[in-house]
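Build the full structure now, drawing on both the sequences and the hints.
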Amino acid sequence: DVKVTQSSRYLVKRTGEKVFLECVQDMDHENMFWYRQDPGLGLRLIYFSYDVKMKEKGDIPEGYSVSREKKERFSLILESASTNQTSMYLCASSLSQTNTEAFFGQGTRLTVV
Amino acid sequence: RKEVEQDPGPFNVPEGATVAFNCTYSNSASQSFFWYRQDCRKEPKLLMSVYSSGNEDGRFTAQLNRASQYISLLIRDSKLSDSATYLCVVRAGGSYIPTFGRGTSLIVHP
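Chains A and B, in that order, give the protein sequences.
If you're matching positions, the first sequence starts at 2 in this note's numbering and goes up one per residue.
If you're matching positions, the second sequence starts at 439 in this note's numbering and goes up one per residue.
It is worth saying that the hints were derived from the structure and are not from the lab.
Hints may contain errors.
[What the hints assert, rightly or not] Cross-link-like lysine to aspartate or glutamate pairs, in silico, EDC-like; alpha carbons within 20 Å at most:
no., chain 1, residue 1, chain 2, residue 2
1, A, K4, B, E481
2, A, K71, A, D52
3, B, K480, B, D520
4, A, K71, A, D39
5, B, K483, A, E31
6, B, K517, B, E453
7, B, K483, A, D39
8, A, K4, B, D477
9, A, K14, A, E70
10, B, K483, B, D520
11, B, K480, A, D39
12, B, K483, B, E494
13, A, K58, B, E441
14, B, K483, A, E102
15, A, K14, A, D39
16, B, K480, A, E23
17, B, K480, A, E102
18, A, K72, A, D29
19, B, K483, A, D29
20, B, K483, A, D52
21, A, K58, A, E70
22, A, K4, A, E31
23, A, K71, A, D29
And the structure:
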């Protein structure tokens with residue numbers, strides 16, 4: 002079974018803090034994604050990566066950055082957390098461009114106070 | 439127009455009922471189609487892929503209509519455990535990115 006693991010289930014951070022969300026997958030998947038999910042808005046893509054050190058902006062990249070130094074790990078960074086970044090963050094991975102079934106981590110519920 | 443559209447519901451049905459959801463997509467170059475299920479406070483999980491010829495998995499049937507650009511999910515003999523949000527997912531040809539609909543909420547009651 003593919004396993005996608007996010008480092009925290011729940012996080013509480015203060016406004017202005019730098020926040021790191023970590024995601025690791027164990028199946029040698031090429032593609033990794035960060036989404037946020039908010040009530041009524043569904044899943045919105047923040048960033049994705051199709052290879053090590055490669056990254057592409059999604060629909061809502063403002064206020065976020067990412068890092069993919071190793072194939073199995075994709076990190077989401079909130080440079081200066083704000084209250085409107087309170088959300089559920091979901092990491093996902095997929096094998097390749099042609100095999101795109103996405104496997105999700107369990108999610109990180111981030112609260113910025 | 440949003441790329442992938444779903445009726446948010448909720449669809450409120452009794453146990454044993456048959457219920458169907460539709461999902462429309464705007465990109466005619468879309469190539470891959472999926473239905474995901476998401477339980478409350480959990481991550482989405484693949485329910486089934488949707489093939490051009492349609493496919494069935496037990497009580498679940500998925501259909502693709504390319505001409506009208508929609509996919510459907512039919513659930514027969516609904517169970518209480520089917521209560522969840524069902525997400526439609528579409529990927530355009532040449533793209534790495536699956537695009538998610540906002541989901542349709544299903545509540546199955548006794």
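Could you work out which earlier hints the structure fails to respect and list their numbers in ascending sequence? 4, 9, 20
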